[in-house]
Amino acid sequence: MKILFIVLFLAGQQLFAIISIVPVKIGENPGISTKMQAGLDTKRGYTDRDFYKASVRITYDENYNYVLWGEISGVYGKSNGQETTNKSFAHLRFIHALTKKNIRDEYFIQAQENKFKAIKTRRLVGGGLRFTLFETFKGAKGYLGVGGFYEYLSYTNPVLDPNENNIRINTYFSYKATFNKDSHLAYTMYYQPRINNFRDQLILNKFELQLQVYPKLYLKFSVYYNLDSSPPSSIYKNYGFRQTTTFVYDF
Numbered sequence: 309m310k311i312l313f314i315v316l317f318l319a320g321q322q323l324f325a326i327i328s329i330v331p332v333k334i335g336e337n338p339g340i341s342t343k344m345q346a347g348l349d350t351k352r353g354y355t356d357r358d359f360y361k362a363s364v365r366i367t368y369d370e371n372y373n374y375v376l377w378g379e380i381s382g383v384y385g386k387s388n389g390q391e392t393t394n395k396s397f398a399h400l401r402f403i404h405a406l407t408k409k410n411i412r413d414e415y416f417i418q419a420q421e422n423k424f425k426a427i428k429t430r431r432l433v434g435g436g437l438r439f440t441l442f443e444t445f446k447g448a449k450g451y452l453g454v455g456g457f458y459e460y461l462s463y464t465n466p467v468l469d470p471n472e473n474n475i476r477i478n479t480y481f482s483y484k485a486t487f488n489k490d491s492h493l494a495y496t497m498y499y500q501p502r503i504n505n506f507r508d509q510l511i512l513n514k515f516e517l518q519l520q521v522y523p524k525l526y527l528k529f530s531v532y533y534n535l536d537s538s539p540p541s542s543i544y545k546n547y548g549f550r551q552t553t554t555f556v557y558d559f
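The opening position of the sequence shown corresponds to residue 309 in our numbering, with each subsequent residue numbered one higher.
Bear in mind the hints are in silico, worked out from the structure with no lab data behind them. Every residue, glycine too, gets a C-beta built ideally from N, C-alpha and C. Fair warning: there could be bad hints in the mix.
[As the list claims (entries may be wrong)] Label pairs and their computed distance ranges (CB to CB):
id: 1; residue 1: Asp413; residue 2: Arg507; range: 39 to 47 Å
id: 2; residue 1: Ser387; residue 2: Lys333; range: 23 to 31 Å
id: 3; residue 1: Phe506; residue 2: Tyr374; range: 31 to 39 Å
[To be verified] With a cut-off of at most 25 Å between alpha-carbon atoms, the simulated BS3-like pairs for lysine-lysine come out as follows:
id: 4; residue 1: Lys333; residue 2: Lys386
id: 5; residue 1: Lys446; residue 2: Lys524
id: 6; residue 1: Lys386; residue 2: Lys449
id: 7; residue 1: Lys524; residue 2: Lys333
id: 8; residue 1: Lys386; residue 2: Lys446
id: 9; residue 1: Lys528; residue 2: Lys449
id: 10; residue 1: Lys351; residue 2: Lys446
id: 11; residue 1: Lys423; residue 2: Lys528
id: 12; residue 1: Lys333; residue 2: Lys425
id: 13; residue 1: Lys351; residue 2: Lys449
id: 14; residue 1: Lys351; residue 2: Lys409
id: 15; residue 1: Lys351; residue 2: Lys408
id: 16; residue 1: Lys333; residue 2: Lys545
id: 17; residue 1: Lys545; residue 2: Lys489
id: 18; residue 1: Lys408; residue 2: Lys333
id: 19; residue 1: Lys446; residue 2: Lys545
id: 20; residue 1: Lys408; residue 2: Lys446
id: 21; residue 1: Lys343; residue 2: Lys545
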């Protein structure tokens, strides 16, 4: 079994939900593989603070017809003895080959909990089609996804923000370029408007650069920039930015 252990040395306090944004391809890594991430942030002195982060993804690649992967993540933190962060994330995805090369159907379920943010609970169930736009011999790959999902939202203050049940269109573009064998550049953009009100839309941008610095040792930079046209009432900005820097050891 192939295991990746990732140690965070610089990260925002948001939940790092997805270990990698690189598109999963059927037959790329047959069998069972596991990726693990863990992090610890401790401060002492004027402020006593402890943050713990962990993620694990397990993938089963059948090699010919489908890939199934699931991931769970969590962040827990205390400041001066008081709980200040408590987040969890889970995602399960099934990707199936509709045609031999270019068309895949995919289905997913997702759950997010955040005890201390405006959106307390978010649950998704959805699916769609993924089309291969290009795949070059030099390692560049491009994909286009079209589908939809059901979204349930529960807020910490239901008086200001009543619970929501939405249906959203889900379209995305995903790109990966491999260079120097094990180094890669990846970018994914999601556009998710509500089906009965296109003014209510989510735009999610994710960028990832992974560089090999030594045999089996990698340095990964990730940037996230998200737009929400209809944020909760208690949030005054409609965008979020996050950057993480990560060491990856492959053993």
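Each hint, compared with the structure:
At about 29 Å, the beta-carbon gap between Asp413 and Arg507 misses the expected band of 39 to 47 Å. Taking the beta carbon of each, Ser387 and Lys333 are about 42 Å apart, not inside 23 to 31 Å as hinted. Under the hint 31 to 39 Å, the C-beta atoms of Phe506 and Tyr374, about 33 Å apart, fit the expected range. Only pairs whose Cα atoms come within 25 Å are accepted, and Lys333 paired with Lys386 is rejected, the gap being roughly 39 Å.
Using a Cα cut-off of 25 Å, the hinted pair Lys446 and Lys524 holds, with the two alpha carbons roughly 21 Å apart. About 42 Å separates the Cα atoms of Lys386 and Lys449, which puts this hinted pair outside 25 Å; it is violated. Taking the CA atoms of Lys524 and Lys333, the gap is about 22 Å. The hint holds against a cut of 25 Å. Between Lys386 and Lys446 the alpha-carbon distance is near 47 Å, which puts this suggested pair outside the 25 Å criterion.
In summary, the hint linking Lys528 to Lys449 is supported, as the alpha carbons are separated by about 19 Å, within the 25 Å threshold. Taken as a hint, the Lys351 and Lys446 pair is broken in the structure, with Cα atoms around 45 Å apart against an allowance of 25 Å. With a C-alpha separation of about 29 Å, the suggested pairing of Lys423 with Lys528 is violated against the 25 Å cut-off. Restraint check for Lys333 and Lys425: not satisfied, since their Cα atoms lie roughly 34 Å apart, outside the 25 Å limit.
Proposed proximity of Lys351 and Lys449 is contradicted: the alpha carbons are some 42 Å apart, above 25 Å. At roughly 51 Å between alpha-carbon atoms, Lys351 and Lys409 are farther apart than 25 Å, so this suggested pair is violated. Of the supplied pair hints, the one linking Lys351 and Lys408 is violated, its CA atoms being roughly 53 Å apart against a limit of 25 Å. Straight-line distance between C-alpha atoms of Lys333 and Lys545 comes to about 36 Å, which puts the hinted pair past the 25 Å bound.
Between the alpha carbons of Lys545 and Lys489 the distance comes to roughly 41 Å, so the proposed pair goes past 25 Å and is violated. With a C-alpha separation of about 12 Å, the suggested pair Lys408 and Lys333 falls inside the 25 Å cut-off, and the hint holds. At most 25 Å may separate the alpha-carbon atoms for a hinted pair to count; Lys446 and Lys545 exceed this at roughly 41 Å. Using a Cα cut-off of 25 Å, the hinted pair Lys408 and Lys446 holds, with the two alpha carbons roughly 21 Å apart.
Taking the CA atoms of Lys343 and Lys545, the gap is near 34 Å; set against the 25 Å cutoff, the hint is violated.
In summary, the numbered hints that this structure violates are 1, 2, 4, 6, 8, 10, 11, 12, 13, 14, 15, 16, 17, 19 and 21.
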